[in-house]
Amino acid sequence: MSFQPVKFYQTGTFTVGNRLLPPEERSVQASTKRFNSINSGHRACQGCGEALGARYAIDAAMEAADGRVIAANATGCLEVFSTPYPETSWQIPWIHSLFGNTAAVATGIAAALKVKGQTQTRVVAQGGDGGTTDIGFGCLSGMFERNDDVLYICYDNGGYMNTGVQRSSATPPAARTATTMAVGPEPGNVFGQGKFVPAIAMAHNIPYVATATVADLRDLEAKVTRAMELHGARYIHILVPCPLGWGTPSHDTIKMARLAKETGIFPVFEAEDGEIKSVLAIRRPLPVEDYLRPQKRYAHLFGKTPAIETIAHIQALADKNIRKYGLQARKGGH
Amino acid sequence: MLKQTEGSRAVAEAVAMCRPEVICAYPISPQTHIVEALGEMVKDGTLSPCEFINVESEFAAMSVAIGSSAAGARSYTATASQGLLFMAEAVYNASGLGLPIVMTVANRSIGAPINIWNDHSDALSQRDSGWLQLFAETNQEALDLHIQAFRLAEELSLPVMVCMDGFILTHAYERVDMPTQAQVDAYLPKYEPRQVLDPAEPVSIGAMVGPEAFMEVRYLAHAKQMQALERIPAFAAEFRQIFGRDSGGLTHTYRTEDAETIIVAMGSVLGTIKDVIDEMRQPENGGHKIGVLGITLFRPFPLARVRESLQGAKRVVVLEKSMAVGLGGILSTNVRMALSGLHMHGYTVIAGLGGRAITKKSLHGLFRQAEQEALEPLTFLDLDWNMVNKQLEREKAHRRSGPVAENLLRDVGVVAARNY
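Residue numbers (the numbering used here), protein chains in the order written: chain A, 5 to 338; chain B, 609 to 1028.
These aren't lab readings, by the way, just hints derived from the structure by calculation. Incorrect hints may appear among the rest.
Computed from the model, here is a short list of chain B residues facing chain A with C-beta under 8 Å [to be verified]:
| # | residue |
| --- | --- |
| 1 | VAL672 |
| 2 | ALA679 |
| 3 | VAL811 |
| 4 | ILE813 |
Heads up, the beta-carbon is just placed ideally off N, CA and C, and yes, glycines get one too.
With the hints as constraints, model all of the structure from the sequences given.
Below is the structure:
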């Protein structure tokens, strides 16, 4: 394997960068022989978490399937920024049909491969949170319950960013979007609404469900690799910060993803056959304020009179995640 | 081989002989018997290799077919009515992507009010979706058209809808001549897709297209349908050679040679119309010069053939099981397009909506009225004006006149009476 020794600059975190690993343990993306399934030159915004997540996820899937992956893609940012012809970024067979049918299209592809005996070719479906948790949810649930041989990847940036930052069922409470305006007595998105699709996926008892963020790309790759070892319906839900929709600097995408995990806002875990097998532990939980304050979508919480109760409510939700998923690292653990 | 069987069963057996590789099934009356029969054949191994997928909606049914067709598998599904509307977005997508899916539409009305019986509202709502649309007159033609549909779809890389009247055909037991597997294999070559999702030769399908090329892509969809129009007679001719009977094609005429009055219609009602024509043509009944033009191919619409078939007539009566609300007829609007510049009387007759029986008695009266030029340009056959007027009066009298359909049912005594 060809590699360049790279000096390790990563500071201010508790993680170990993968470039320090011996070459044989390095990530798919660290290899100069990576597939570049989604090539450079696409039109994603600077600092796009989805572009980063897709690059790592699909390359890892390609590595696992020996270069034989077919992708179905929902309408959305990923589809739009990657395809205007003749500049398609996709180096793999790729199809976009509609916004709400990606899981079903993937089912069809998997059925065709099965009937033709091309079982070494694997199928990945992908969409944003709108295409997954809202409009595509019926088809997603159908694909899950039939246990079709598809890995579905949801890139969750908490809203309909492609159409101009509107609320989805994955938009977190209190967040401002174009349809959950930061006005009135309870500005931003409503508490007590929305859904966490990884938990719903687990309720289907499918072989594999995992969450990941673009802050822990090694973990993301490992989860895609594990998912590709299994057959049947598999689901990976990746938190991908959106500088445009969140109102964060482009250079802070990784940082925001890490804060989402380190505060407990976004639990990172993996589950097999409906049971949680492992979590990405939080060594020193950070207050949610650290995560909320840098984001303009929460600016209304930090005005002249900070919305202390609202922030406390979000903190309570994060604490609940830490309890529910057992995210707090035990003393002395890694 | 001749056999007595249900329309749905005959279609299912014909579809199975076409060796579909992926079948998506979602139940909706009156289509259900077709996919049930196919599911059984897959499960007991008589249809193999084939994946039979029970999906969660018609939208998913068409979407699975899109995926399987794009991955190179011969793909089939069936639907009707609300199901066709529910999958409409994917119906347009399948033709836009140029995927040769074959779908049976067991024609049924569209609600509200919900109604499971036959008319052509469902299929005709998708007339501009880019699918080819064939209408079967009999169960024999329904099964034959499915075999032709796969051939047509795959040659042209366009999806094809085979429309057959719900219940009237799907649930009728009739004698049909079942083809042999060898005949079907001789007629239908192996599917060679024009585009396929293949890791050995990766392509992007379904990319964003802007104003710089969208018009041209859409024009090509039209041009392809025009190609279909030219090639369908040849496919029908080849079918006759192998199977020994006439089926499909653009149109069928019956006793139109010297006809002064020509009826135009689609689907199973053609049988009733032909009986009426035979009776009216008998000398003792006045020897009326009347005939009928049956439209087999609705999309692309065979304008030239229709014009040629109708131009000798004095009057044309389009009898259709569909309605363009606020305009009149759908089929008649298409027929009128074929007759532009010709001077003749044209009548639109809306008949048989939601399964209302179209009787010989009513047709006798209707056709005689047409001959005397005594028909309104737009007629609703056997409409109960009492029922209609009573509701209109009620709406005049009361602001909260209540739900329309339920009022009418109460008037005809189906629901327990409650007076306003």
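Comparing the hints with the structure gives:
1. Because the beta carbon of VAL672 of chain B sits about 4 Å from the nearest beta carbon in chain A, less than 8 Å, this interface hint is met.
2. Because the beta carbon of ALA679 of chain B sits about 3 Å from the nearest beta carbon in chain A, less than 8 Å, this interface hint is met.
3. For VAL811 of chain B, the interface hint holds, since its Cβ comes within 8 Å of a Cβ in chain A; the closest pair sits about 6 Å apart.
4. This hint holds: ILE813 of chain B has a C-beta 4 Å from the nearest C-beta of chain A, less than the 8 Å allowed.
Violated hints for the displayed structure: none, as all numbered hints are satisfied.
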